[in-house]
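Each residue of the sequence shown is one higher than the last, beginning at 347 in the numbering used here.
Be careful, since some hints might not be right.
If you anchor each label on the Cβ, the simulated ranges turn out as follows [to be verified]:
#1 G449 x D475: 49 to 59 angstroms
#2 G421 x E568: 20 to 30 angstroms
#3 G449 x H650: 40 to 50 angstroms
#4 D658 x A446: 25 to 35 angstroms
#5 D398 x R450: 23 to 33 angstroms
#6 A585 x A361: 23 to 33 angstroms
#7 H463 x A585: 22 to 32 angstroms
30 angstroms max Cα-Cα, derived DSSO-like pairs, lysine-lysine [unchecked claim]:
#8 K523 x K653
#9 K550 x K523
#10 K550 x K480
#11 K472 x K523
Since the hints were made in silico from the structure, they are not lab data. Don't be surprised by glycine CBs; every beta carbon is placed ideally from N, CA and C.
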Amino acid sequence: MTTNTTTQQENRPLAGTVALVAGATRGAGRAIAVQLGAAGATVYATGRTTRDRVSEVGRAGETIEETAELVTAAGGRGVAVPTDHLVPEQVRALVARIDAEQGRLDVLVNSCWGGDHLLVPTWDAKMWDIDLDKGLRMLDLGVRTHVITSSLALPLLTRRPGGLVVEMTDGTAEYNKRFREQFYFDLAKTAPLRMAFGLAHDLKDVGGTAVALTPGFLRSEEMLDHFGVREENWRDACAQEPHFAIAESPVYVGRAVAALAADPERNRWSGQSLNSGQLAQEYGFTDADGSRPDAWGYFRDVVHGGKDATADDYR
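Produce the complete structure using the sequences and hints provided.
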């Protein structure tokens with residue numbers, strides 16, 4: 347019995363854990379929700395695209411209902427709750443539902459974004475040449491959603507000590523010292539780094555942990571479509587973009603969050619900027635293909651540093 351219990355704890359270390367993944371429709375958010383479920387958690391998966399309604403992103407094929415089903419199939423319990431995280435009333439209702447159904451919240455993942463469609467065709471345009479409404483919308487989607495969700499969910503999460511907040515972003519604190527190609531994108535992806543730093547300060551006295559986390563070059567559904575490939579033949583895209591050779595599947599960052607959530611000593615990371623490759627080395631997990639890509643090391647050393655090496659040297 348002891349052996350069986352120990353095995354169950356090892357296979358389902360997050361059994362009894364309640365998580366909210368805000369922005370779980372696709373990409374990193376979906377993978378995080380699924381990997382938390384695979385570790386045994388109950389996961390509330392939120393977003394704007396459902397089987398009945400499509401968000402401005404315009405990708406009808408990925409829905410929060412499907413994410414919840416994937417969570418359950420992985421071994422957890424998935425609960426889909428349609429939520430626009432820019433609408434405080436909807437977020438309040440979401441948190442009230444979690445409280446009523448679970449009485450607790452242990453993990454909050456702020457993964458809302460959905461602003462990539464606003465970057466085209468102004469990826470490298472000057473700030474004053476970018477449509478102001480589009481720029482402010484990026485900040486709404488990537489910054490205000492996170493602030494609103496944390497403000498309304500943290501009273502429940504902090505009811506018990508040990509809560510974890512993960513601020514998802516693009517780029518490490520080190521890498522984002524460089525300009526991130528476009529004014530509004532730069533702001534949207536740098537802000538979560540500072541959010542994690544500030545939340546770590548506020549959570550310290552109540553036993554909570556906040557971190558910022560970034561995947562590397564992510565093989566999201568949208569990125570695969572951009573290159574005209576699927577996960578099965580993703581390497582074909584390297585002919586168009588050689589640096590895609592360092593790309594990682596969303597599973598990788600999903601496993602990173604699950605490992606953090608299962609670590610009783612995760613507070614040592616509080617306030618820090620983390621990345622999937624770094625945590626893979628720390629916790630021993632791999633990407634879906636068994637590799638451990640270090641995308642940010644590759645970009646630092648090879649792409650920007652001129653080191654004579656290949657992506658394979660960083661996998």
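Hint check for R450 and D398 - Cβ pair distance inside 23 to 33 angstroms: holds (30 angstroms)
22 to 32 angstroms was suggested as the range; check whether the CB atoms of H463 and A585 agree with it. For H463 and A585 the Cβ distance comes to about 25 angstroms; the hint holds.
Given the hinted pair K550 and K523, is their Cα-Cα distance within 30 angstroms? holds (26 angstroms)
Range agreement (Cβ of D475 with Cβ of G449, hint 49 to 59 angstroms): holds (51 angstroms)
Quick one, are K523 and K653 close enough, alpha carbons at most 30 angstroms? holds (20 angstroms)
Please test the hint of 25 to 35 angstroms on the beta carbon pair from D658 and A446. Given range 25 to 35 angstroms: violated, Cβ gap about 51 angstroms.
Given the proposed pairing of K472 with K523, does the C-alpha separation stay at or below 30 angstroms? Holds, at about 18 angstroms.
Outcome of range test on Cβ distance (A585, A361; 23 to 33 angstroms): With Cβ atoms ~44 angstroms apart, the hint is violated.
With the threshold set at 30 angstroms, check whether the alpha-carbon distance from K550 to K480 stays at or below it. This hinted pair is violated, its Cα atoms lying about 36 angstroms apart.
G449 versus H650 beta-carbon gap, inside 40 to 50 angstroms or not: holds (48 angstroms)
Is it true that G421 and E568 lie within 20 to 30 angstroms of each other by Cβ? holds (27 angstroms)
Going down the numbered hints, you'll see the structure goes against 4, 6 and 10, while the others check out.
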